[in-house]
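Each residue of the sequence shown is one higher than the one before, counting from 3 in the numbering used here.
Quick caveat, the hints were computed from the structure, so don't treat them as lab data.
Don't take every hint at face value.
As the list claims (entries may be wrong) - Below 27 Å or equal to it, Euclidean Cα-Cα: the simulated DSSO-like pairs (lysine-lysine) are:
{"#": "1", "residue 1": "222", "residue 2": "306"}
{"#": "2", "residue 1": "306", "residue 2": "140"}
{"#": "3", "residue 1": "69", "residue 2": "298"}
{"#": "4", "residue 1": "222", "residue 2": "356"}
{"#": "5", "residue 1": "302", "residue 2": "69"}
{"#": "6", "residue 1": "272", "residue 2": "69"}
{"#": "7", "residue 1": "222", "residue 2": "140"}
What the hints assert, rightly or not - Pair by pair, the computed Cβ-Cβ distance ranges are:
{"#": "8", "residue 1": "371", "residue 2": "82", "range": "20 to 30 Å"}
{"#": "9", "residue 1": "151", "residue 2": "115", "range": "21 to 31 Å"}
{"#": "10", "residue 1": "359", "residue 2": "144", "range": "30 to 40 Å"}
Don't be surprised by glycine CBs; every beta carbon is placed ideally from N, CA and C.
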Amino acid sequence: MEKKNNLSVLLGAAFLMATSAIGPGFMTQTAVFTKDMGATFAFVILVSVIMSFVAQLNVWRVLAVSKMRGQDVANSVLPGLGYFITFLVCLGGLAFNIGNVGGAALGFQVLFDLDLKIAAAISGALGVIIFSFKSASKLMDKLTQILGALMIILIGYVAFSTNPPVGTAIKETFIPSSISFKAIITLIGGTVGGYIIFSGGHRLIDAGIVGEENLPQVNKSAILGMSVATIVRILLFLAVLGVVSLGNQLDPSNPAPDVFRIAAGTVGYKIFGLVFLAAALTSIVGAAYTSVSFLKTLFKVVEKYENLFIIGFIVVSTLILIFLGKPVKLLILAGSLNGLILPITLAITLIASKKQSIIGKYKHSNILFCLGWIVVLVTAYIGIKSLSNLTELFA
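Model the full structure from these sequences, guided by the hints.
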């Protein structure tokens with residue numbers, strides 16, 4: 003029975019990470035960049051996937067071996083640093099969650115023709131209901147697995163129905179015509195930036211799957227999570243590419259639904275609503291759970307009333323969206339900001355991986371360590387270079 007429970011948690015952690023990444027922002031970013039860049043976006047996906055794999059494995063392994071969450075690892079590296087990291091992660095998580103609620107609202111609007119503000123209120127209420135149950139973590143595991151599988155099937159169907167130019171995409175993956183630094187940092191931020199990189203690792207800590215003896219399981223869970231996110235990214239990219247390569251114009255303010263509508267008519271549009279709703283609901287759960295998990299070891303009151311704080315996080319995100327709006331621009335911005343957080347959190351993790359006071363006698367992989375620092379330097383450079391572009395979104 004324990005093995006079965008462990009498998010459920012490992013799958014849950016993998017899908018929590020993957021579905022936290024595969025939110026409305028993920029879909030909006032993919033649609034926007036594929037529309038603007040065409041097949042050359044394939045190279046951006048390749049680079050972001052490689053860097054994301056390196057970052058994910060480094061962080062999950064160090065968290066598992068140290069048996070500490072990200073904020074506690076940071077405080078062990080330098081006292082007080084965990085509070086700074088928590089502030090950055092929670093701010094990025096809140097920005098993403100506002101967009102996630104907006105995405106869920108859009109999904110409801112497409113499916114049932116609801117007013118956007120009413121749909122947003124329903125979306126927030128669903129997130130609240132999940133964390134109202136005592137067995138919220140088990141419910142979260144099952145929800146992310148089911149909705150994650152549903153997204154792969156639906157997006158896969160649309161990708162194959164658009165008949166994309168796969169040969170051109172493969173060529174551009176390895177020999178790109180052009181390179182967009184802004185797209186790379188946004189994609190990395192949306193896949194493993196901010197809170198996302200810690201979501202699965204924190205779930206495993208909560209379930210007690212920690213220690214060097216559990217590293218093989220931790221690796222499998224991390225790789226599965228990244229693989230799911232990568233498969234969905236590729237399928238969605240191909241779906242958009244198939245549509246735009248035929249000369250179709252997408253709505254610049256919200257391109258994702260147009261892809262599904264052009265590819266499969268009214269049925270495709272309804273599929274989009276279902277996919278967007280599934281992506282958003284799982285991301286609402288992931289963002290709220292992980293953001294609050296950063297607070298609970300720093301503030302005892304949060305640990306005592308964890309589910310209430312998660313519910314509060316969802317309610318605040320919902321209210322901000324209802325009164326402020328602009329979810330599409332916010333989703334792109336949140337991805338970029340989370341990409342800027344990544345080099346900081348990953349650098350702290352790498353420093354921790356060589357401190358015996360944190361990881362004990364465990365010897366961290368030198369290959370992962372060196373590759374991790376390359377990711378830190380590259381993402382820091384690209385992030386700083388792309389900062390000037392962020393203001394354009396709200397110009």
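Hint check:
no. : hint                   : in the structure
1   : 222 to 306             : violated, 31 Å
2   : 306 to 140             : holds, 19 Å
3   : 69 to 298              : holds, 15 Å
4   : 222 to 356             : holds, 23 Å
5   : 302 to 69              : holds, 18 Å
6   : 272 to 69              : violated, 43 Å
7   : 222 to 140             : holds, 20 Å
8   : 371 to 82: 20 to 30 Å  : holds, 25 Å
9   : 151 to 115: 21 to 31 Å : holds, 27 Å
10  : 359 to 144: 30 to 40 Å : holds, 38 Å
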